[in-house]
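Chemist: Below are the chains, spelled out letter by letter.
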Amino acid sequence: MSRRDEILGRIREGLRLRVHEPKRAATSSDGVRTGLTTREWLPAVPNDPEGIVETFARNCVELRTQYYRVTGLPELSGKLFELKDSEGWKLIASHRDPILDSILPSLGLPFLLAEDRPATADVERADVGITRCDALIAQTGSILLTARSAGGRALSVLPPHHVAIARESQLLPDLPAAFELLNKTYGDAYPSLITLITGPSRTGDIERILVLGAHGPRTLTIILLRDPR
Amino acid sequence: MSSIFESQFRASATKLTADLRHRSLIRKALKGYEKSRDEKKARFQDWEAARQAAAETKWEAINHLDKYLSEFADNLARRGTKVFWASTAEEARNYILNLAREKQAKTIIKSKTMTSEEIHLNEVLAKAGYEVVESDLGEFIVQLRDEAPYHLVFPAMHLTRNEISHLFHEKLGSPETDNPEELTMTVRRDMRIRYCKADIGISGANFAVAETGMIAITENEGNARLTTSLPKIHVALLGIEKVLPKLSDLALFLPMLATVGTGQQLTCYNSMIGGPRQPGETDGPEEFHVILLDNRRTHLLADAEQRDALHCIRCGACLNVCPIFRNVGGQTYGTTYQGPIGSVITPHLRGLRDWKHLSFASSLCGACTEACPVKIDLHHHLLQNRRNAVVLGTGKLDRIAFRGFAFLVNHPGVFGVAVKAGRLVQRLHRLIASSKIDPLRAWTASREAPVIAKESFRQYWKSRHK
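Order-wise, the sequence lines are chains A and B. Those letters in the first sequence? Residues 1 to 229, per the working numbering, in order. Those letters in the second sequence? Residues 1 to 466, per the working numbering, in order.
Worth flagging that the hints you see were computed from the coordinates, not collected in a lab. Some hints could be false.
[As the list claims (entries may be wrong)] Between beta-carbon pairs, the in silico distance windows are:
(1) A:D188 <-> B:N98: 48 to 56 angstroms
(2) A:R64 <-> B:P175: 49 to 57 angstroms
(3) A:L17 <-> B:E34: 45 to 53 angstroms
(4) B:G173 <-> A:E168: 44 to 52 angstroms
(5) B:G173 <-> A:T37: 48 to 56 angstroms
(6) A:D188 <-> B:D19: 49 to 57 angstroms
(7) A:R64 <-> B:S24: 37 to 45 angstroms
(8) A:P228 <-> B:H169: 51 to 59 angstroms
(9) B:R189 <-> A:D227: 50 to 58 angstroms
[What the hints assert, rightly or not] Within a straight-line C-alpha distance of at most 30 angstroms, the following computed DSS-like cross-link-like pairs (lysine-lysine) qualify:
(10) B:K375 <-> B:K41
(11) B:K232 <-> A:K90
(12) A:K184 <-> B:K67
Every residue gets a Cβ at the ideal spot worked out from N, C-alpha and C, and that includes glycine.
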């Protein structure tokens, strides 16, 4: 008998004694269950597009994420130029993508592309990792990205500053919508890593005092790109 | 008959409950947590319904564990992950040891995993000559101090910044500072080098998604992401109870875990890993191993009464509200899993005879049950453990005392005499109460015995009906 069968056998043996299912018709603290889906229990998110953007922006402030909303590619590259100057970037790590391809060269800096398989030590030396993502989530102020949409696993966590660029159409209201999107986008062929990034890396392990940049990026910037009308 | 673990527990609890510095440190640390936890909880449209749904989802997973675990393993294997089923701690350790040997690994980096504490992985790997480093800041601190984590979620919450500064100065040669940020940066710099040269990264998992064959890791620092991204081999070690049926279940569990675990809406990084680097991906480990650990969890599963203890998502919420934990401290328990949940499951994982005392060290106030996001009936389980411990056999003294008590209450005449004698003895006893020669010192040292009334109920009843 294989180890697997051994353990599964013990599980089946243990489960022979059945226990009552918890009451399905649950009641909430005030007597009524307000909804039947996760969406109806989680924190509320406004219905209108502007309300969703505002919720997202408010969460960014709370999380200490830098958040900018720009219109059109020229404004986007202007914003990146500004960041480059104020932080004195010397090396950029990024990946192939239509938007990034059209903007990176204009910054006038050397850049590494994930597709060229740069050495880990080189990516570590980069001042910033610039990536795209799958979606933004207003409810929690999160970025949803995968190894496929954001140039692999290391790009968004190894350099000290992570800049994520998303189109406004990628902004989703809540977590259930994010998981629906994953299923729709990847079906059965999920990337090997999916991650929700919610604010810059942090720790409270010393006297529960918040310190940013524990092991991952100290700075997280999200740029929301609006299409020009 | 008390086990050595019980004597250790008593000694440490006695010391720490009188340690006011420890008490104020823990209170201060938990105060901020309580505020942000309540604030984040209030943002839910219906927290109680969310708890109920989480309990139902875990019930479904645990009560069909064979089905979901098979699905999880098959889905992982389908995309190139090696799944190893370990019945015991030793089998899990040996698998990792053999892997390290076979790959000629030298350094191993770890992100926080309580399951590895459970199987004492670090000791075994270190003994075999491997350099093993904990990358989570809190875990790294307790590793440097060569001690067990204090808390499931906050491993170093019992230490002040000055103690940590001394530690770093002594072990890493960094300059003394009282700035938590500088201390954090010292570890960041040190760890960066290690991520890049480590041959194997070992992580735990918070959830195992059956539907898609993915592990989910919740963290704040980014150390788990680096541990699972940079080394060529990633090994994830998890208990068989971590399973959730569907990927979309995470939409509920991730925010609930963050809310009660750390008082956040969502922790910084929630990563779902479903395999080694896939075709077309630019980086990631070449090999991904998942170890599914039983280690007597099936023993708990077979106990229908306490099966729901396997619903636990290790959020630490029950520790934070427990009056016992807050006074005796996490390391007093002597277990991998501290607090109420640890007191409930440790007798199943390591034997009731040695660990029954934990269930007696409880006020049964029920704060744990109320705090639990998956509605584990914790304080009733503590009571059940007490009952099971009695069934297992009680001490001689207990038996004599109860036999004597039974005799007294069954013989009204003798009882009356005993009460009279008791009044006299109590008056005499007061002279020596809580002193060194007091035979009842264990009780009187910190409590006052109730005074036997001047008139018994029977006397009162008789006088009323004259």
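Chemist: It remains to establish, for every hint, whether it holds in the given structure.
Modeler: Hints, one by one, checked against the model:
A C-beta distance of roughly 33 angstroms is found between D188 (chain A) and N98 (chain B), which places it outside the suggested range of 48 to 56 angstroms. The hinted window of 49 to 57 angstroms between R64 (chain A) and P175 (chain B) is violated, with their beta carbons roughly 27 angstroms apart. Range check, L17 (chain A) to E34 (chain B): about 38 angstroms between beta-carbon atoms, so the 45 to 53 angstroms window is missed. Here the CB-CB span from G173 (chain B) to E168 (chain A) is close to 50 angstroms, well matched to the stated 44 to 52 angstroms.
The given range of 48 to 56 angstroms is respected by G173 (chain B) and T37 (chain A), whose C-beta atoms sit roughly 55 angstroms from each other. Distance hint check for D188 (chain A) and D19 (chain B): the Cβ-Cβ separation is about 56 angstroms, which falls inside the suggested range of 49 to 57 angstroms. R64 (chain A) and S24 (chain B) have their C-beta atoms about 29 angstroms apart, which leaves the hinted 37 to 45 angstroms range violated. Between P228 (chain A) and H169 (chain B) the C-beta distance comes to about 56 angstroms, which sits within the given range of 51 to 59 angstroms.
Separation of R189 (chain B) from D227 (chain A) is about 42 angstroms and departs from the stated range, judged on CB atoms against 50 to 58 angstroms. Proposed proximity of K375 (chain B) and K41 (chain B) is supported: the alpha carbons are some 15 angstroms apart, at most 30 angstroms. Proposed proximity of K232 (chain B) and K90 (chain A) is supported: the alpha carbons are some 28 angstroms apart, at most 30 angstroms. A hinted pair counts as satisfied when its Cα atoms are at most 30 angstroms apart, and K184 (chain A) with K67 (chain B) qualifies at roughly 25 angstroms.
Violation of the numbered hints given earlier is confined to hints 1, 2, 3, 7, 9; the remaining hints are satisfied by the structure.
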